[in-house]
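Novice: Protein sequences, first through last, are from chains S and A.
Residue numbering for the first sequence follows the numbering used here, starting at 1 and increasing by one per position.
Residue numbering for the second sequence follows the numbering used here, starting at 1001 and increasing by one per position.
Some clues are possibly wrong.
In silico lysine to any residue, SDA-like type, Cα no more than 20 Å apart, as pairs [as the list claims (entries may be wrong)]:
1. 334/S <-> 344/S
2. 1193/A <-> 334/S
3. 69/S <-> 1292/A
4. 1292/A <-> 370/S
5. 222/S <-> 241/S
Restraint-style ranges between C-beta atoms, simulated for each label pair [said to hold, decoys possible]:
6. 586/S <-> 1137/A: 48 to 54 Å
7. 1155/A <-> 104/S: 42 to 48 Å
8. 1049/A <-> 37/S: 49 to 55 Å
9. 37/S <-> 1057/A: 53 to 59 Å
10. 380/S <-> 1155/A: 42 to 48 Å
11. 1237/A <-> 68/S: 49 to 55 Å
12. 1237/A <-> 184/S: 32 to 38 Å
13. 74/S <-> 1395/A: 20 to 26 Å
14. 1177/A <-> 586/S: 44 to 50 Å
If you're looking for bench data, these hints aren't it; they were derived computationally from the structure.
C-beta atoms are modelled at their ideal positions from N, C-alpha and C, and glycine is treated no differently.
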Amino acid sequence: MNIALPVKKTDIRRAQSRIRDFLSNPANIILLVTVSVLGFFTLYPLVLLVADTVKVNIADLMYPELIGKKVGDVTDFHWKRMLFSEMSGIYFRTPLRNAVVMSLLASVISIIYGGTVAFLITRTDMKGKKFISSVFIFPYIMPSWTIATFWKNFFQNPDIGSYQGGLLYWLTGIKVPEAMVYGLVPCAIVLGLHYAPFAYILIGGILRNMDANLEEAATILKASRAKIIGKITLPIVLPALLSTFLLVFSSSMSAYAVPQFLGGAGGFNVLTTTLKQFITNGWYGQGYIMAIFMIVFGLAILGINQMVTGSRRSFTTVTGKSGQVSYIKLGVWKYIVAAVLFILCIFCSFMPLVSFALESCTFIPGDYSRLTLAFWIDRGYPVENGLHGLFFENQVWSAFRNSLVLSASCAIFAGTVGMLIGYAVARKRGTKLAKAADNIAFLPYLMPSMAMGAAFLAIGAKMGLSKTMALLIIVGSIKYLPFASRSGINAMLQLSGEIEEAAIIVNVKWWKRMLKIIFPIQKSTFISGYLLPFTSCMRELSLFTLLSSGSIYLMTTLLEYWQVWCDQSANALNLLIVITVLAVNLLVNKLTGASIDKGVGG
Amino acid sequence: MKKYSAILLIAAITVFCFTGCTKNAKTAEVKETVTEETIFSAGEKMTEAELLEKAKGESGDFIVYGNTSRIASAVQGFVQKYGSQLGLSDSNAVGTKMNDADIYTTLLQEYMGSSAKGASLVMIQDGAQLQTYRSGTDILVNFVPASMKGVVAENDLVPLVHQYINKLFIWNNIGTSGQVISNVWQLTEPQWKNKVFFKNPTTEQVNMNFLVMCTSDAWASKLADAYKEYFGKDISLGSYKNAGYKWVAEFIANCNFSISSDTTICKEMAKPDSKGCTGLFVLSKFRDVDAKIKGNLSVGAWQEKAIKPFAGFMYPMYVQLTSKANRPYTAMLFTDYLMNSEGFLPWGKDIGAYSTNPNVPVNEKDGDKPITFWKECLVAEDADFIRVNKTAVTDFVNEQIAKK
C-alpha cells in the first residue's frame, strides 16, 4: 500500500498537469464550452422532441385507442399509427415522398442554375458579371415565401386556383398550366431559385480559386471540353456540389410556407404541412415524428457528405489562390448569355419587389387598374380595418425596432461565437473535440424551426425567460450559429497558423492576437459570418412565432397577422422587410467589403 | 467515440435534472392553483365596482390571447375605460391574436414557468379541445361575472361563451338571377368542382368540427331528407356510414383549398373573376370587402328560400381566465367588460358576431339577423360529440382530401 501511494500521487500530478496544459490553450476552452453549452441547447430540444413521440399528450386523449391512459404515460401509439397503420400512407408515406421529391428537385434546380451561373462568372468572359453576381443572391436574402407569393401573383391563371388572373395574364393574356402554378413543380422551382445562391457561392468559391493550369494542360493534350469538365472540373467542385445538396435538401425538407402557399385547390402535403396539421390539433407525438424524419434525412446526407469528402469542412474549403486565371472565350455568346441571365436575375430578384410594391398600391388586391399610395402614407385609415398607412402605423416601427435589435443581437452573438468556434476548430483540427464541436454547431441547421421554437418555449419557461427578448436572441443565435461557425472555420482555414505562432513567440496575449492579428486579416469573411444570422433572423417566422406571441411583435409576426386581413398593408410591410435586409447587406458591403457570399463560400 | 458518449451522458443527466425540477414545480403549482381558484369564485360574487376596486391593487402586465383579430381593439377599449385607474396603458396591456394550438402550447409552458408575462385571459374557439384541456389540466378557470348570471343562457355559462360566429354559404351573384343554392347537395354536383371555397379543415379546426357535426345522427338524418328532396329518390349510402359521411366526402371533392384565409376568400369571392363560385366562410369578413364590389356577394341564409338542411354553421368563442393569471381581478373585470355592449363593440359594430348576452343588440345593418334565427338554420357545435368523434372524422376527411 505504502509503495503504491507515490505512484498514485504521480498519476494525479500528471493528470493535473495535463488538465492545466489542456486548459491553458484558449482553443481547448472554447471547444469544451461549445460542446457542453451548445450540446445542451441542441441536444435538449432533440430529447424533448423524441420524448413527445413516445408519451401521451393531453390532446391525444381524444383517441379511442388511448382511453384509460394518463397524460405523460409512455406509449408506442404515435409511431405505430404513423408508420404501420392504415393511415400511414396518407399521413406519412405520401408527405414523405412529396417532401423528398420536392427537395431533390429543388436541390437539382439550385445546383444546375447556381452552378451554371458560378461557372459563367468565374470561368468565362461573359459580360455584366458584376451586376449579375451581386443581384443573383437577392432571392436568398428574400424569405422563400415572398418568392412563392410573387410566383402566385405572377403566374396565377384565371381558370384555376382562386380564379384570379396574375400579372402575366393581366399583361399578356397567357394562361400558364395549373402544374406550373400549384403543386410539386412550382414548389421545387421556388425553393430551387431561393437556394440557388448557395450553389453559386459554394461552387463559385471553388471555381474562382481553381488553378486554370489544370484545364489548360488538358486542352494542350487535346482533351474534349466535355472530358475536361467531367474529369477535372467536376471532381474539383464535387465537395461543393455535395455541400449545396446537403444545405438545399435539408432546408427544402423543412420548408413549410412554400408548399402551404402553392398547394392549390387540393393542397400539396409534405412533412411540414402534416406536422403543422398535427400540432394544430395538439397531437404533438405524431407531428414530431415528421420532424424526426426531417432531422434523420439531414443527418444521413451530412454523413454521406462526410464520407465522400472525407471531412465536412471540405464543403466550404477554399483551396489556395490560383496562380493564373484564364477565361473561356464565349465570343458573341458572351452578350447573349449575359442577356438571358440579366432577364432571369431581374425576374427572380426585382420582379418580386415590383409585385409587392404594386400590390401595396391597389384598391382591390390583384386589380391594377386603380392605384393608391394610401396604404403607405395615409395618416388616417385607408380602409376600415384600424390600420394607418405603413409610415404612420406605430406597430410597424415598434416591430421594426424589435426585429433590428433581435437580428443585430443574434448576429453579434452567433457571429462572435462562430468566429471563436472557427478559431478553435481550425487550431485543433483533426481532434475529436474539434470534430464534436463542429458537428454540434451544425446540428441546429437540421432542426425544423417550428419544432425548435416549441422546444425553446419549454426551455424558456424553465429558465424564467419566457416572452423575453433574451430568449429570442438565444434561440436565434443557436439556430443560425451554423452559418457563422462555417464562416469562422472558412476564415481560419485560410489563415496560416504561423502568423499566430509568431505572435505567441513574442508573448502576445490571446485576446490581443485575436483582436489585432486574426480578426483584421480575415475581417471581411468574419463580418460576413455576422451578416448571415442577421439576414436569416430578419426574415424568420416559424422559429419566433410561439416565443414572441403576446409580448414582442417582430416584422414577420406582424406580417403573418396582417396577411390574414389586409393584403395591401401586408405587401407594403413585406417590401419593407426585404428592402431593410438588402439595405443592411449593401451598407455592410460598402463599409467593410463583407458580403453573404464570402460568409458561406469563403 | 468515448468523448461522444461522455457528451451524450452529460446531456442526458442535464435533461434528467431538468425533468426532475419540472415535476417538483408542477406539484407546487397545484397547491397555488387551489388558493387562486377561491379568488375566482369570490370574484363571481362581486359587482363591477368591487372587481375594479380589487383590480386597482394589482400591478404588472395584462396579457390576453385570443383566436380573434379583434382582441387587440377590445383590450385597447378596456385600457381607455379603466387604464388610468388600473395603471394600464398600451405598453403593458396587450391583446394578441393567436390560434388555439399556439394558445394551449403557450399556456402550458406559462403555467410551468414563473414569468410575469403570461396571459391572464384567453378567448378560444375549439370547444372540444377546450373541454379536453379543462378536464385534463388546471391551466384554465371558468369565470362568470355576477352581472351575467341569469342573463346568459345556462348552457353558455360553463365554459363561458362570449359570442357565436357564423360561417355561411355565400356566392358570387354576377350573371345569376335568383337563389343559386337552395340545397347543400347541389354543392356535390360536378359543376361545382373546385368552385366551393372553404378553408382547409385540416388546418382550420372549426371547419373540421363542422364536418364532424355533419356525421352526427341528427344531421345525417336531415341530410338524407335533403338528398331525397333534391334528387327525388332515397339516398344510397354505399360504403358510407351515414348520409353525413357521404355529403362530407362529396363536398370535399368539390372544395377548393387554394386560399388559406376567410378574409381572402371573401375578398376574392366578391371580384368579377369569381363569377360562378361560392364559399363557406365567416360572415363578418364582409367588413373587409371593398364597398364597390360588396354587392357581388349573396348570402344564402338571407334568400327567400331556406337552404336545406343548413345554410352554414356556427361556433362559439369562449372566454377563460388562466389559473395563474398575473392580474386575476383585472381579468375578471375584463370578462365583465367583454360581456357587455361596450366590450362587445369591436365585434358588434359589424355583422356576423352574436353576443350571448341578450341585452347586447345584434347589428342588423346589411340584413343581419338575431342569434335565434341562426340557431334554426345553422349547424351548431356539440363539444361532447366532437370530442368523441373528431379523430375518426379527421382521418376520414384526410382520406377524402388525398383522393382529390
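Novice: Against this structure, judge whether each hint is valid.
Specialist: Checked hints:
1. Using a Cα cut-off of 20 Å, the hinted pair residue 334/S and residue 344/S holds, with the two alpha carbons roughly 15 Å apart.
2. With a C-alpha separation of about 50 Å, the suggested pair residue 1193/A and residue 334/S falls outside the 20 Å cut-off, and the hint is violated.
3. A distance of roughly 56 Å separates the Cα atoms of residue 69/S and residue 1292/A; the hinted pair therefore is violated under the 20 Å criterion.
4. In summary, the hint linking residue 1292/A to residue 370/S is supported, as the alpha carbons are separated by about 12 Å, within the 20 Å threshold.
5. Taking the CA atoms of residue 222/S and residue 241/S, the gap is about 27 Å. The hint is violated against a cut of 20 Å.
6. Taking the beta carbon of each, residue 586/S and residue 1137/A are about 50 Å apart, inside 48 to 54 Å as hinted.
7. For the pair residue 1155/A and residue 104/S, the beta carbons lie near 54 Å from each other, so the given range of 42 to 48 Å is not met.
8. At roughly 53 Å, the beta carbons of residue 1049/A and residue 37/S sit within the given window of 49 to 55 Å.
9. Distance hint for residue 37/S and residue 1057/A: a CB-CB separation of about 42 Å, inconsistent with the stated range 53 to 59 Å.
10. Take residue 380/S and residue 1155/A: their Cβ atoms lie about 43 Å apart, and the range 42 to 48 Å holds.
11. About 33 Å separates the C-beta atoms of residue 1237/A and residue 68/S, a value inconsistent with the hinted range of 49 to 55 Å.
12. A hinted range of 32 to 38 Å for the beta carbons of residue 1237/A and residue 184/S is consistent with their spacing of about 35 Å.
13. Checking the proposed 20 to 26 Å range against residue 74/S and residue 1395/A shows it holds: the Cβ atoms sit about 24 Å from each other.
14. In this structure the supplied range 44 to 50 Å is violated for residue 1177/A paired with residue 586/S, their Cβ-Cβ distance being about 58 Å.
Going down the numbered hints, you'll see the structure goes against 2, 3, 5, 7, 9, 11 and 14, while the others check out.
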